[in-house]
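Protein chains: 2
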Amino acid sequence: MQNFVLHNPTKIIFGAGRIPEIGPESRAFGRRALLVYGKESIKENGIFEMVTSSLEQQGMEIVLHGGVQSNPLLSHVRAGIAKAKEEHSEVIIAVGGGSVIDSAKAISAGALVTHDVWKFFTGKKSIKKCLPLTTVLTLAAAGSEMNGGMVLSHDEKKLKFGTGNKRLHPAVSILDPTATYSVSPAYTAYGAVDAIAHILEFYCTTSDAATPVQDRFMEGLVINIMESCDKVLAQPEDYQGRADLMWCATLALNGWTAAGLGLVGFPMHMIAHTLGALHNVPHGAGLSVVMPAWLNLQAQTSPHKYSQFARRVFQVEDTDPPRAAQEGIRRLQKWFAKTGSPTSLTELQIDPAEIPFLAEQSLPLAALWRLKEYNKEKIETILRGCA
Amino acid sequence: MQNFVLHNPTKIIFGAGRIPEIGPESRAFGRRALLVYGKESIKENGIFEMVTSSLEQQGMEIVLHGGVQSNPLLSHVRAGIAKAKEEHSEVIIAVGGGSVIDSAKAISAGALVTHDVWKFFTGKKSIKKCLPLTTVLTLAAAGSEMNGGMVLSHDEKKLKFGTGNKRLHPAVSILDPTATYSVSPAYTAYGAVDAIAHILEFYCTTSDAATPVQDRFMEGLVINIMESCDKVLAQPEDYQGRADLMWCATLALNGWTAAGLGLVGFPMHMIAHTLGALHNVPHGAGLSVVMPAWLNLQAQTSPHKYSQFARRVFQVEDTDPPRAAQEGIRRLQKWFAKTGSPTSLTELQIDPAEIPFLAEQSLPLAALWRLKEYNKEKIETILRGCA
Numbered sequence: 000m001q002n003f004v005l006h007n008p009t010k011i012i013f014g015a016g017r018i019p020e021i022g023p024e025s026r027a028f029g030r031r032a033l034l035v036y037g038k039e040s041i042k043e044n045g046i047f048e049m050v051t052s053s054l055e056q057q058g059m060e061i062v063l064h065g066g067v068q069s070n071p072l073l074s075h076v077r078a079g080i081a082k083a084k085e086e087h088s089e090v091i092i093a094v095g096g097g098s099v100i101d102s103a104k105a106i107s108a109g110a111l112v113t114h115d116v117w118k119f120f121t122g123k124k125s126i127k128k129c130l131p132l133t134t135v136l137t138l139a140a141a142g143s144e145m146n147g148g149m150v151l152s153h154d155e156k157k158l159k160f161g162t163g164n165k166r167l168h169p170a171v172s173i174l175d176p177t178a179t180y181s182v183s184p185a186y187t188a189y190g191a192v193d194a195i196a197h198i199l200e201f202y203c204t205t206s207d208a209a210t211p212v213q214d215r216f217m218e219g220l221v222i223n224i225m226e227s228c229d230k231v232l233a234q235p236e237d238y239q240g241r242a243d244l245m246w247c248a249t250l251a252l253n254g255w256t257a258a259g260l261g262l263v264g265f266p267m268h269m270i271a272h273t274l275g276a277l278h279n280v281p282h283g284a285g286l287s288v289v290m291p292a293w294l295n296l297q298a299q300t301s302p303h304k305y306s307q308f309a310r311r312v313f314q315v316e317d318t319d320p321p322r323a324a325q326e327g328i329r330r331l332q333k334w335f336a337k338t339g340s341p342t343s344l345t346e347l348q349i350d351p352a353e354i355p356f357l358a359e360q361s362l363p364l365a366a367l368w369r370l371k372e373y374n375k376e377k378i379e380t381i382l383r384g385c386a
Numbered sequence: 000m001q002n003f004v005l006h007n008p009t010k011i012i013f014g015a016g017r018i019p020e021i022g023p024e025s026r027a028f029g030r031r032a033l034l035v036y037g038k039e040s041i042k043e044n045g046i047f048e049m050v051t052s053s054l055e056q057q058g059m060e061i062v063l064h065g066g067v068q069s070n071p072l073l074s075h076v077r078a079g080i081a082k083a084k085e086e087h088s089e090v091i092i093a094v095g096g097g098s099v100i101d102s103a104k105a106i107s108a109g110a111l112v113t114h115d116v117w118k119f120f121t122g123k124k125s126i127k128k129c130l131p132l133t134t135v136l137t138l139a140a141a142g143s144e145m146n147g148g149m150v151l152s153h154d155e156k157k158l159k160f161g162t163g164n165k166r167l168h169p170a171v172s173i174l175d176p177t178a179t180y181s182v183s184p185a186y187t188a189y190g191a192v193d194a195i196a197h198i199l200e201f202y203c204t205t206s207d208a209a210t211p212v213q214d215r216f217m218e219g220l221v222i223n224i225m226e227s228c229d230k231v232l233a234q235p236e237d238y239q240g241r242a243d244l245m246w247c248a249t250l251a252l253n254g255w256t257a258a259g260l261g262l263v264g265f266p267m268h269m270i271a272h273t274l275g276a277l278h279n280v281p282h283g284a285g286l287s288v289v290m291p292a293w294l295n296l297q298a299q300t301s302p303h304k305y306s307q308f309a310r311r312v313f314q315v316e317d318t319d320p321p322r323a324a325q326e327g328i329r330r331l332q333k334w335f336a337k338t339g340s341p342t343s344l345t346e347l348q349i350d351p352a353e354i355p356f357l358a359e360q361s362l363p364l365a366a367l368w369r370l371k372e373y374n375k376e377k378i379e380t381i382l383r384g385c386a
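Respectively, the protein sequence lines represent chains A and B.
FYI, in numbering that gives the first Met the number 0 the residues of the first sequence are 0 to 386.
FYI, in numbering that gives the first Met the number 0 the residues of the second sequence are 0 to 386.
Bound-form chain A, shown alone:
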């Protein structure tokens, strides 16, 4: 185990019927709120009404900032920052999935500075303070509801960058599994894939058997993400399934799995972000394409860790580590396909001829995230494994 600091101050309020607590929880930080959300469809399932009436009961003034899209855009965040400044917002409230929460985080940081918010993403400025943020989660996927990370796409530059800061932790996040009942099968699966990717980026970072506690934790999460996703794809209103999937997705990226692992990187995310920025590929869909190829490459250098994964998660009994590792990855890929998540660039309708360009476009993020060994050649190799 490596040395670490773990400090996750987000208060989680979990369960059916908890959404109306957003009013009192948010009011504790002020009266003037900027409410960030995505599509107008949120008004159909009753969540928007539940949130706004709870805020109004607390006498709060609400300024709306809807229209966040998947692969959220810098331009939309900039508009939100302008509103927050103009309206003197005291608290930012996000109602949505990772894209909405990430946009709200960027607004919460950007509202307190005079420079452009993109500078936080390029590392030219660091975040010193943020407006308090409360969230109501509607998608089990990103984990943003309980961490200090955020991802944003630059409209013109076609870059999707991410950054992290402890001040970006939401103060309070409400996780009501019933809020995810209406998530489509495709996005339910993409969310599960995203959570598995968060786990495996970390799981595969460490050398063999150096983090036995964390390994068990991560293996248990992967098993449960697959089991609960299978349940809710079969029966979208299976409460226990939605609850397990939601909580697993939060746990996958709230710092608990990574504590003690040392420096972790996000190479799969780097490549999936490129697919998102250039082709607007849903994040989870990009990851289910990239993951098997990346895992196969990684398994060549540390087959023991991958065979442990194959044995504990998929009960692969093969005692030959490289073969067991391959079999585990094959079964994971098979599970992605079973959920309807794509497993090849072809399925994403991306021409393999584009691979060198995709690799080239991944390099700025590789540099920013200090993924030193990820040169153009290596990224191309991975992408060719996805064809």
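Mixed in with the good hints, there may be bad ones.
Since the list can't tell identical chains apart, any single copy or any two copies may satisfy a pair.
[What the hints assert, rightly or not] When the alpha-carbon atoms are kept at most 30 Å apart in a straight line, the in silico BS3-like pairs for lysine-lysine are as follows:
#, residue 1, residue 2
1, 377, 84
2, 377, 82
3, 375, 10
4, 165, 337
5, 118, 165
6, 128, 165
7, 377, 10
8, 10, 165
9, 156, 128
10, 127, 165
11, 38, 230
12, 10, 128
13, 333, 230
14, 10, 124
15, 375, 124
16, 230, 124
17, 82, 42
18, 123, 333
19, 118, 10
20, 127, 10
21, 84, 42
Because the hints were derived from the structure by calculation, they are not lab data.
For chain A, the structure is supplied; the task is to place chain B on it using the hints.
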């Protein structure tokens, strides 16, 4: 999964060489510190010196309050509260294991009220505020370093009571595994037993398969506690073993395992506390005696959960749930014995004739903790299973 609120604001600083950070971390809360610790032996292994010099470098005024004993006493806490009031302490610093941290918590709460601190333990008063608390952990066991619980023994009444409050969370806890190198084999094992008891009180609370995520997490912890304890009993300065054991003991009772389980109780602790209060039995030693008997009783009503435990933790292949459950519990008891932890009242030199009295003495805590089904008869049955 049941609804829950999870909010654990303790900042963990983990790893070798981190103890000198206690100065700056504590200074952030004030300049006048009350330093709570246990035996004077802490001055032999260099930890005391490391802590005090770090505090002095920050220009802090230190008032010492040493002498906390295992099964910490109310009288000693009262003396600490008097000192904290007299010296206008701004921050309480605990250097030790669970007994020291619990005493420091009681002082941090008692220093800000005029009534007797014991009223917090009997439920007659509730904690509204506390002095900030920082800790340096020297024993992997209680989990107090990252939770809001505390346990204290009433000197005259021979009662050992525990209570919890979110305000009791330490602000910062430093976990340096090397600080546990000098822990004796017996207390290393007792600590491991204590952590396993924390997990199994919760694991066995839930009905079959209702908390699949938490189950995997808890099973992984039990496996790792046993593996790391075996390692450090063989080689006390095995850093990775000490690190894993320390982190597992913290995770066992920091709220993460219990989130979503619903109402959890501490029946094993209730009985072990009686053994501690009346016979000064070390906490872990009492638990390793009580645990198998309690588990066997519980397994009769939910054999499936216990057979899951037996299968996943001990690879018990028996497909008959009651038989598998029994075998799992037998193997756990065997492991306790292997570590040198006692597994019978006889080993504790407690006469079985005393069982009715022990059961009688457990009733006040059963009432306080609302363990309604634990009448005298049931507690006697469990204790007879320990003979």
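Structure-based check of all given hints:
1. 377 with 84: The answer is neither: 44 Å in one copy and 64 Å across copies each exceed 30 Å.
2. 377 with 82: So residue 377 and residue 82 fail the 30 Å test inside a copy (43 Å) and across (64 Å) alike.
3. 375 with 10: neither (41 Å within a copy, 39 Å between copies)
4. 165 with 337: neither (37 Å within a copy, 44 Å between copies)
5. 118 with 165: within (17 Å within a copy, 37 Å between copies)
6. 128 with 165: Answer is both: 10 Å inside a copy and 25 Å across each meet the 30 Å cutoff.
7. 377 with 10: neither (40 Å within a copy, 38 Å between copies)
8. 10 with 165: Both. Shortest intra-copy (14 Å) and inter-copy (12 Å) distances satisfy the 30 Å Cα cut-off.
9. 156 with 128: Result: close within a single copy only, 27 Å intra versus 51 Å inter.
10. 127 with 165: both (10 Å within a copy, 27 Å between copies)
11. 38 with 230: within (26 Å within a copy, 54 Å between copies)
12. 10 with 128: both (19 Å within a copy, 19 Å between copies)
13. 333 with 230: For residue 333 and residue 230, the Cα distance is within 30 Å only inside one copy (17 Å; across copies 38 Å).
14. 10 with 124: Classified as both; 28 Å inside a copy, 25 Å across copies.
15. 375 with 124: Answer is within; shortest intra-copy Cα gap is 27 Å, inter-copy 65 Å.
16. 230 with 124: Classified as neither; 44 Å inside a copy, 46 Å across copies.
17. 82 with 42: within (21 Å within a copy, 59 Å between copies)
18. 123 with 333: Classified as neither; 42 Å inside a copy, 59 Å across copies.
19. 118 with 10: both (29 Å within a copy, 28 Å between copies)
20. 127 with 10: Close inside one copy (21 Å) and across copies (19 Å); limit 30 Å.
21. 84 with 42: within (26 Å within a copy, 55 Å between copies)
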